[in-house]
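Enquirer: If you want the building blocks of each chain, they are given just below.
Number of protein chains: 2
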Amino acid sequence: MQSNDLRKAGLKATLPRLKILEVLQHNRADHLSAEGVYRRLIDSNEDIGLATIYRVLSQFEDAGLVIRHHFEDGHALFELDQGPHDHLICMKCGHIEEFFDDEIQERQKSLAEKSGFDLSKHTLVLYGDCQTANCENNMPDHTTGKTTNK
Amino acid sequence: MQSNDLRKAGLKATLPRLKILEVLQHNRADHLSAEGVYRRLIDSNEDIGLATIYRVLSQFEDAGLVIRHHFEDGHALFELDQGPHDHLICMKCGHIEEFFDDEIQERQKSLAEKSGFDLSKHTLVLYGDCQTANCENNMPDHTTGKTTNK
DNA sequence: CTTCTTGCAAATCATTTGCAGGGCG
DNA sequence: CGCCCTGCAAATGATTTGCAAGAAG
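These protein sequence lines are chains A and B, in that order.
Everything in the first sequence is counted per the numbering used here, starting at 1 for the first residue and increasing by one.
Everything in the second sequence is counted per the numbering used here, starting at 1 for the first residue and increasing by one.
Honestly, the hints are just simulated from the structure, not real lab data.
Errors might be hidden in some of the hints.
Given that identical chains are not distinguished, each listed pair holds provided it fits within a single copy or across any two copies.
[Stated by the list, open to error] Straight-line Cα separation of at most 30 Å, BS3-like style, residue types lysine-lysine; simulated pairs:
no.: 1; residue 1: Lys-114; residue 2: Lys-92
no.: 2; residue 1: Lys-8; residue 2: Lys-114
no.: 3; residue 1: Lys-92; residue 2: Lys-8
no.: 4; residue 1: Lys-121; residue 2: Lys-8
no.: 5; residue 1: Lys-109; residue 2: Lys-121
no.: 6; residue 1: Lys-19; residue 2: Lys-8
no.: 7; residue 1: Lys-114; residue 2: Lys-19
no.: 8; residue 1: Lys-12; residue 2: Lys-121
no.: 9; residue 1: Lys-121; residue 2: Lys-19
Turn these sequences into a full structure, and let the hints guide you.
Expert: Encoded structure:
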């Protein structure tokens with residue numbers, strides 16, 4: 001029961017919050033926009049206002065449950081926080097893949113140190129062409145959050 | 001005479017474009033928002049509309065003269081394209097520093113390859129605290145583009 | 001001259017906020 | 001039952017676009 005996750009975060013376990021959390025969990029592999037979450041809820045016949053989605057996602061972000069990204073297209077995408085990792089994004093189909101590399105991690109740390117920075121977080125995104133057969137070469141509607149593919 | 005840079009890019013050498021290019025060059029070390037460029041022009045008694053700034057910056061981007069970034073705060077910052085490099089950003093004062101690291105570069109290439117991606121570009125940003133004496137601990141007005149410091 | 005540009009105001013888009021009614025603890 | 005939460009509509013802020021008047025080649 002994920003009501004606990006919410007309580008732990010100091011949030012009442014309300015229906016909208018549970019539903020939104022559910023959507024995020026069912027789409028662990030994806031990175032959804034607020035609209036994307038909205039769409040999926042509508043499709044599931046859940047009647048939740050878009051404003052609420054934004055509010056809840058921000059609360060989740062503050063609670064550390066979710067991470068908000070601003071990739072190159074400017075608008076925000078959300079994903080459950082599942083530990084540190086970086087992203088590979090296909091510029092043709094929008095497919096997003098995750099990866100983690102110790103060596104790069106290390107290097108970042110020492111580079112920040114060299115500049116006297118106390119590093120708190122980072123963002124590394126590799127953009128390219130995923131070259132897969134089913135790369136549909138059509139970027140998903142930014143509003144849809146339909147970022148799955150491949 | 002930078003009129004040439006413009007002509008080469010297929011753009012007429014108009015006053016607004018020259019002035020904007022000038023601002024970008026005088027602030028090579030910085031990363032300005034459209035508003036930031038606007039402010040500086042106003043301060044120089046140049047009467048150029050904000051819409052024009054946006055239009056020109058986009059044209060410059062298309063022409064490859066300028067790079068548009070979307071750091072974590074969501075709104076766009078521009079800088080002259082001076083070859084590949086990554087960024088270190090102080091979350092307290094907004095200071096932005098640039099760096100370049102071959103090892104990370106290499107690693108990125110091989111990671112993309114491993115995933116079958118044809119890499120075309122990347123973004124690496126390290127966020128932290130610059131810890132300098134003059135870190136004013138006050139983020140610059142996002143609209144100002146006053147990103148210099150330290 | 002003809003076409004590319006600009007300035008201004010109006011239009012969009014994503015996201016945020018105010019407020020009155022509802023629901024969790 | 002009180003305070004936190006939601007929905008809706010209106011407010012915002014950044015960026016874009018339409019259009020008529022102006023310059024560049």
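Enquirer: Now tell me if each hint is right for this structure.
Expert: To see whether the hints hold, each was checked on the structure:
1. In this assembly of identical chains, the alpha carbons of Lys-114 and Lys-92 lie at most 30 Å apart only when taken from different copies (18 Å versus 37 Å within one copy).
2. For the identical chains of this complex, Lys-8 and Lys-114 are neighbours neither inside a copy (38 Å) nor across copies (39 Å), given an alpha-carbon limit of 30 Å.
3. Proximity of Lys-92 and Lys-8 under a CA criterion of 30 Å is satisfied inter-copy only: 29 Å between copies versus 40 Å inside one chain copy.
4. Proximity of Lys-121 and Lys-8 under a CA criterion of 30 Å is satisfied intra-copy only: 24 Å inside one chain copy versus 40 Å between copies.
5. In the homo-oligomer, the alpha carbons of Lys-109 and Lys-121 lie at most 30 Å apart both inside one protomer (10 Å) and across protomers (22 Å), since each shortest distance falls under that limit.
6. Only within a single protomer do Lys-19 and Lys-8 lie at most 30 Å apart by alpha-carbon distance; the minimum there is 17 Å, versus 54 Å between protomers.
7. Taking the shortest alpha-carbon separations for Lys-114 and Lys-19, neither the intra-copy value of 45 Å nor the inter-copy value of 36 Å comes in at or below 30 Å.
8. In this homomeric assembly, Lys-12 and Lys-121 come within 30 Å of each other (Cα to Cα) only inside a single copy, at 29 Å, whereas the closest approach across copies is 42 Å.
9. With identical chains, the CA atoms of Lys-121 and Lys-19 are at most 30 Å apart within one copy only, with a shortest distance of 29 Å there and 36 Å across copies.
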